[in-house]
Amino acid sequence: NAGVTQTPKFQVLKTGQSMTLQCAQDMNHNSMYWYRQDPGMGLRLIYYSASEGTTDKGEVPNGYNVSRLNKREFSLRLESAAPSQTSVYFCASSLSPGGGEAFFGQGTRLTVV
Amino acid sequence: DQQVKQNSPSLSVQEGRISILNCDYTNSMFDYFLWYKKYPAEGPTFLISISSIKDKNEDGRFTVFLNKSAKHLSLHIVPSQPGDSAVYFCAASPLHGSGNTGKLIFGQGTTLQVKP
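Note that the protein sequences, when read in sequence, are chains A and B.
For the first sequence, this note's numbering gives the first residue as 3, with consecutive numbering after it.
For the second sequence, this note's numbering gives the first residue as 5, with consecutive numbering after it.
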């Protein structure tokens with residue numbers, strides 16, 4: 003019963019470095035999401051994929067790219083990390099777009115120095 | 005602009021009493037609303053939801069109320085227990101077929117502390 007698995011759990015990057023956050027779900031869900039959580043800002047949607055083969059921008063997409071590799075996997079890439087991208091990142095999935103119950107991973111705590 | 009707002013960053017209640025968490029939204033295209041609970045160092049977990057065709061949904065100690073005309077929803081926890089202490093997020097999703105299907109927008113969260 004893995005649910006939604008994110009890797010890595012922690013990461014420290016230098017400004018300008020790139021990295022990819024990985025996310026996989028084993029619930030045969032159609033929709034997947036990437037959020038960032040910052041103090042006082044709640045969870046803000048970065049990108050989402052309503053179904054395999056589609057991706058769309060959320061509320062704060064600048065500085066990020068995503069790939070829906072297959073139905074199970076949805077990755078988030080930072081091409082040139084900036085200190086403003088220091089945050090906790092959560093991946094989530096749901097059976098249908100926008101809803102119903104979304105299941106979240108444990109989060110990735112990213113620090114950009 | 006914040007489409008889903010939780011204006012109270014924190015709430016403290018006594019064990020056994022009612023906890024009421026509030027949420028306002030601005031986008032009339034939202035038609036499905038959810039509450040999530042989050043403990044430190046964990047991902048959010050789903051708590052309860054409500055469709056815009058209803059004004060109330062109940063699940064055990066948790067009840068969500070929706071007032072569409074006021075664009076307001078609330079979560080009632082009765083009775084509150086110390087284990088309920090967590091951050092609570094409300095979330096909203098737009099109408100299916102609106103072109104924005106897939107977006108699940110969250111509020112800022114309210115930290116609930118239930119004192120023994």
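Please note: incorrect hints may appear among the correct ones.
Here's a subset of chain A near chain B, in silico, CB distances under 8 Å, partners left out [to be verified]: (1) Phe12; (2) Gly42; (3) Met43.
Keep in mind that the hints were calculated from the coordinates and are not lab data.
Cβ coordinates follow ideal geometry from the N, Cα and C atoms, glycine included.
Original post:
Was the hint right that A/Gly42 lines chain B, CB cutoff 8 Å?
Top reply: holds (6 Å)
Subject >> Evaluation of the interface hint that places A/Phe12 against chain B, nearest CB under 8 Å >> reply: violated (11 Å)
Original post:
Measuring from the C-beta of A/Met43 to each C-beta in chain B, is the shortest one below 8 Å?
Top reply: holds (6 Å)
When held up to the earlier numbered hints, the structure conflicts with hint 1 and nothing else.
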